[in-house]
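Participant: Using the hints, position chain H against chain A.
Protein chains: 2
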Amino acid sequence: LQEQPIQVREEVIGLLEDREQARFIIDLLPYDEDVAGGLMQKELVKANVNWTVNECIEEIRKQAEDVEKVYAVYVVDDNQTLLGLISLKNLVLARKNTKIGNIYDEDIHYVETYRPVEEVSEIMQRYDLEAIPVVNVQKRLLGRITIDDVLDVIIEKAEEDIQAISGITGEVEEDDNLWQQVKGRLPWLIVGVIGSLMAATVIRVFEGELSKIAALAMFIPIMGSTGGNVGIQTASLIVQALADKSGLEISWKERLLKIIVIASLNGLIIGLLAGLYVLVFSETQLVWVVSLSLMAVVLLASFMGTITPLILDRFGINPAVASGPFITTANDLVGIGTYFLIAHFLLKM
Amino acid sequence: LQEQPIQVREEVIGLLEDREQARFIIDLLPYDEDVAGGLMQKELVKANVNWTVNECIEEIRKQAEDVEKVYAVYVVDDNQTLLGLISLKNLVLARKNTKIGNIYDEDIHYVETYRPVEEVSEIMQRYDLEAIPVVNVQKRLLGRITIDDVLDVIIEKAEEDIQAISGITGEVEEDDNLWQQVKGRLPWLIVGVIGSLMAATVIRVFEGELSKIAALAMFIPIMGSTGGNVGIQTASLIVQALADKSGLEISWKERLLKIIVIASLNGLIIGLLAGLYVLVFSETQLVWVVSLSLMAVVLLASFMGTITPLILDRFGINPAVASGPFITTANDLVGIGTYFLIAHFLLKM
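Line by line, the protein sequences are chains A and H. The numbering used here puts the first residue of the first sequence at 10, with every later residue one more than the last. The numbering used here puts the first residue of the second sequence at 10, with every later residue one more than the last.
The shape of chain A in the complex, shown without the other chains:
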């Protein structure tokens, strides 16, 4: 959504006849924080392709105060179009009167202003770059992004994900004041309470069954918690795959099949374990109810853990939210409903 407007905007500006005027407008346009244009610094050292190494060094001297860290000098033509770069190492080693045009590196990585920050960070990580030049759609050099800025973004993202998984909203820190802490925790707690009260309503529907076989109540917790645990596990692997862009290459059919097989295996083992407990410590008539319900719950929770982050991601919501209380609550409800339905039919009550 956000890529289009910036791209179009710059193409329109590129059509303006008056170059000075166009550049003035560009300078005034604010970029969103989450695209390359919003993260870049305008301070950098650039050199014209026709300069000599000596002229280039003089330029560094001029810029030395503005540009704290110089990793490379970007090489541009008369229109400020990015042609390549020359690393400081090579500049040190070059003869003073060599033409920049003869020694610069043409094969470099750069990003357009409208690229999402995640993409920039991925490119810089993949190619171990300490800085990357930022250009507009006409490939004109506008700025550069350094690794320390990207690092901050990555760390912030990781903290946000962990907070989302933990059901904390906003940027709560352990040393925030009381009200901020309460405010950050309450929303998801209330969602959880509402979900649990819906579960209470489901149980109420089956009160007749419960009053006949009180032991049914014993296995309410295992349905809720197993559903929650399986859901979180599945969702967090999907979230990770979404972030890596890896693993998402396999087809939908393949993915679903794989998830069903994994869930069936886990469900079988858990179902057997719980069935054994029922056999020894509870009423034998419940063995099949508990075992089958658990298998169904594991399957359903895996399915929900898979689709929830994908749906959230599609709607532009951080999919990590899906690994949090949302999925626990939903699976509590689904798990308990499944359990009582299976009990109802198997026990023919």
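There's no promise every hint is true.
A pair counts as met if it fits within one copy or between any two copies, since identical chains are not told apart.
[Unchecked claim] Derived lysine to any residue pairs resembling SDA-like cross-links, with alpha carbons at most 25 angstroms apart:
1. Lys148 with Gln50
2. Lys262 with Leu187
3. Lys221 with Glu169
4. Lys192 with Leu277
5. Lys148 with Pro125
6. Lys262 with Val191
7. Lys166 with Leu251
8. Lys108 with Lys192
9. Lys192 with Leu285
10. Lys192 with Ala252
11. Lys51 with Leu102
12. Lys78 with Gln134
For the record, the hints were derived by calculation from the structure and aren't laboratory data.
Facilitator: Here is chain H on its own, set in the frame of chain A:
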């Protein structure tokens, strides 16, 4: 624990008379992966303090093939002791016959081989360093750590934390084979099942109460899930504070007081909400049981969410594990036990 041996080891080696022999031993000693010595690259460009800029540039030329990225030249004395550095920018700007000793920067950051990687990463982030020199206890230059290596460590750590929170063991990726995926999920699922079966046993103890008031079963889910949600929220903030080393400066008494106040506020709101539901949809005699139990559960879960990561951290276990299924399971059990105990005494059954 690990700092001591390396430190002692190097001090002992430092005492060896035969310098060549000592260096030979040092080269053979392996460093753990999680300390600076294990992460550093030995390839770097260094210059003797007595050299001229020109000699320094010749050294870069010699090393150019071995050292891919040169950010700075490290300045050492005849004993290879780190004195400071000269940035490539300043080297480019300096006159060829200037003595290095006159222009190098003495006020630099460096780390000892035995420093934990987290500490190195923190220093590099705080001071926006793209590389940091690594020295032994005699301050002799041994290598350098570059930001891309640290970045990998940070990202890996974040992924590990998220997997720990999600109850996945080992390094599971979404495109791993089936058996690895099952193996990564089963351990915590089984812990969850065992916890839930213990909860089942608790409920079994109160079967008499349940058969008298079947509606008691309705609020089993809310006790478990609220305890779990509160526990995860609290634990994840403690884990974050542990990682930042911030927020941990406040005293134990202060921290506990704060947590009690936050928990009381959240517990009050949740208790009221659930009490209202009971009043409208269930038996009025349960209003106080449910409300009071929920408040107690929120308090207990906050307390457990606080101490569990601190205890794990003390024993060298990744405290993020505490934000995962471990705390959900424990709080399920505690929550349900508390609920039935309060029901037992309030309803005088």
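Participant: Indicate, hint by hint, whether the structure satisfies it.
Facilitator: Verification of the supplied hints:
Proximity of lysine 148 to glutamine 50 under the C-alpha cut-off of 25 angstroms is restricted to the intra-copy arrangement: shortest distance 17 angstroms within a copy versus 36 angstroms between copies. Proximity of lysine 262 and leucine 187 under a CA criterion of 25 angstroms is satisfied inter-copy only: 15 angstroms between copies versus 48 angstroms inside one chain copy. When the C-alpha separation of lysine 221 and glutamate 169 is checked against a cutoff of 25 angstroms, the pair qualifies neither within a copy, at 47 angstroms, nor between copies, at 47 angstroms. In this assembly of identical chains, the alpha carbons of lysine 192 and leucine 277 lie at most 25 angstroms apart only when taken from different copies (14 angstroms versus 41 angstroms within one copy).
Taking identical chains as interchangeable, the C-alpha atoms of lysine 148 and proline 125 lie at most 25 angstroms apart only when both belong to the same chain, with a minimum of 17 angstroms there against 43 angstroms between chains. In this homomeric assembly, lysine 262 and valine 191 come within 25 angstroms of each other (Cα to Cα) only across copies, at 19 angstroms, whereas the closest approach inside a single copy is 43 angstroms. Taking identical chains as interchangeable, the C-alpha atoms of lysine 166 and leucine 251 lie at most 25 angstroms apart whether they share a chain (14 angstroms) or sit on different chains (18 angstroms). In the homo-oligomer, the alpha carbons of lysine 108 and lysine 192 never lie at most 25 angstroms apart, since the shortest distance is 62 angstroms inside one protomer and 60 angstroms across protomers.
For a Cα distance limit of 25 angstroms, the shortest separation of lysine 192 from leucine 285 across copies, 21 angstroms, qualifies, whereas the shortest one inside one copy, 44 angstroms, does not. With identical chains, the CA atoms of lysine 192 and alanine 252 are at most 25 angstroms apart between copies only, with a shortest distance of 23 angstroms across copies and 28 angstroms within one. Taking the shortest Cα distances, lysine 51 and leucine 102 sit within 25 angstroms of each other only across copies (22 angstroms), while inside one copy they are farther apart (27 angstroms). Taking the shortest alpha-carbon separations for lysine 78 and glutamine 134, both the intra-copy value of 19 angstroms and the inter-copy value of 15 angstroms come in at or below 25 angstroms.
The structure shown violates the earlier hints numbered 3, 8.
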